[in-house]
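There are 2 protein chains.
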Amino acid sequence: MATAAGEGLVPNGQLPAQPYYPPGLSMPHYAPNTLPLWQLFAYFLSALGSFLGVLCVIAVLMKPQFRRASLSDKALFVWFTMCYFVMNHASLAGDQSFRAQLWKEYALSDSRYLTSDPFMLCVEGLTVVVHGTLSFAAAAAIVDGVGLPAGSSGLRHILQMLVSTVHLFGVLLYYGTLLFQEALQGASHCRPEFLYRWVYFGAMNAPWVVVPIYILYSSASQICQVFVAANGANTGKANRAEPTKKTQ
Amino acid sequence: MATAAGEGLVPNGQLPAQPYYPPGLSMPHYAPNTLPLWQLFAYFLSALGSFLGVLCVIAVLMKPQFRRASLSDKALFVWFTMCYFVMNHASLAGDQSFRAQLWKEYALSDSRYLTSDPFMLCVEGLTVVVHGTLSFAAAAAIVDGVGLPAGSSGLRHILQMLVSTVHLFGVLLYYGTLLFQEALQGASHCRPEFLYRWVYFGAMNAPWVVVPIYILYSSASQICQVFVAANGANTGKANRAEPTKKTQ
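So the sequences go chain by chain: A and B. Residues 1 to 248, numbered by the UniProt record's numbering, are exactly what the first sequence covers, in order. Residues 1 to 248, numbered by the UniProt record's numbering, are exactly what the second sequence covers, in order.
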């Protein structure tokens with residue numbers, strides 16, 4: 001696709017009236033953004049920051065021990081509340097609000113957000129309802145489990161695994177459908193410039209590959225540990241147990 | 001879509017040369033199936049039956065206690081080995097083999113299987129590699145965990161939850177993309193006759209909604225139980241534990 005790099009740009013290097021890919025995509029209701037990029041990002045980051053700040057305060061008020069939680073527990077709490085915020089921001093309104101303008105900017109890296117693509121509509125619907133709700137529940141379960149002897153509740157790891165599997169699977173399908181479409185039909189929904197292809201489409205989605213893998217590994221280890229202890233030290237219906245050690 | 005029920009049928013009620021939906025879909029390489037439906041299903045069921053039979057024998061040989069496992073453990077073992085078999089059958093070869101003819105029959109309920117749809121290619125790729133492998137691993141973990149004091153290993157529940165989440169999410173997207181496309185673009189990839197729409201497309205995929213929900217519930221309960229025991233009876237770094245009972 002290297003030769004297509006300049007396609008869709010008007011001669012002076014500015015984006016044309018309808019800048020989305022593939023060129024010639026029908027978007028009769030398109031209106032260009034009225035706000036500069038830095039204002040859009042400043043709005044997004046300040047909204048996200050305020051949201052996270054308020055949630056952290058609420059968490060500490062409801063569970064003072066959360067102050068002394070491990071750094072990784074705190075980081076995961078921030079991750080899941082951030083996911084909730086981003087997922088709920090994903091539904092695009094048809095107006096000129098900050099949020100709509102932000103998504104019109106992001107759609108330069110994936111025009112399917114603006115064209116009622118059936119796959120995207122499904123993923124977005126599931127995203128808001130399932131990912132959003134489960135992310136919030138996972139964040140709450142982290143706070144609620146602070147101070148338990150095993151370090152966390154079973155519910156926390158169940159929610160973490162559910163959300164992370166769905167995130168990972170969702171982002172792989174998201175990357176995959178765009179790249180397959182490009183390879184098979186020769187038409188990409190992503191503008192080829194570095195900013196759009198590698199920063200917006202690539203890098204901005206990559207955390208939903210990396211972090212869920214870490215979380216799945218972490219939750220799986222803790223679930224295994226607790227089962228190993230149960231299988232090793234349990235009494236009762238044991239029929240192959242060789243208890244390795246007993247407490248008390 | 002009621003008025004479209006007869007569309008695509010030639011006057012004598014037989015399927016036309018290219019019977020897939022939406023009518024007019026370009027399929028230059030289409031060749032009609034040479035085998036009758038009952039032979040295709042007989043082939044599929046006997047292949048599936050033999051596969052399950054062999055796997056059950058292997059399971060009992062490797063772990064004689066599996067004979068005395070609970071009915072639900074045995075049923076889940078059969079479920080996951082069946083998933084593995086079906087997932088690995090999902091990749092469509094371009095020849096006239098039994099397998100290809102089977103999928104050409106199923107594609108009457110979803111022509112995306114024959115048209116290199118980007119979403120379907122992604123889902124199928126993930127299906128064979130991820131779902132197939134994880135389903136097989138889950139089946140193995142069920143057998144391996146038989147006879148443990150807690151009734152199962154942590155790995156079993158981790159694998160069960162991963163596979164079931166991916167199955168559930170996958171089938172919801174599968175249903176969703178076809179129905180959204182139908183609603184938004186007015187063109188369905190599924191023939192409207194009862195057999196294709198409700199039996200092939202609807203009922204034959206429904207187990208991947210119902211069974212994963214049951215498995216998620218079951219694994220989540222067992223993980224929670226083990227954590228509750230760990231949090232209630234554990235010693236050491238407890239800082240809010242009120243042990244409810246202690247063994248020994």
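These are calculated hints, taken from the structure and not from any lab test. Glycine included, C-beta positions come from ideal geometry on N, C-alpha and C. Among the clues, some could well be false.
Listed next, the stretches of chain B that the computed footprint assigns to chain A, with coverage defined by at least 3 CB atoms under 8 Å from CB atoms of chain A [stated by the list, open to error]: (1) 159-165; (2) 178-186; (3) 203-212.
Here chain B is said to cover these stretches of chain A; the calculated rule only asks that three of the stretch's residues, wherever they fall, bring their Cβ under 8 Å from a Cβ of chain B [claimed, not checked]: (4) 32-44; (5) 156-164.
A quick look at each hint next to the structure:
no.	hint	in the structure
1	159-165	holds (count 3)
2	178-186	holds (count 5)
3	203-212	violated (count 0)
4	32-44	violated (count 0)
5	156-164	holds (count 4)
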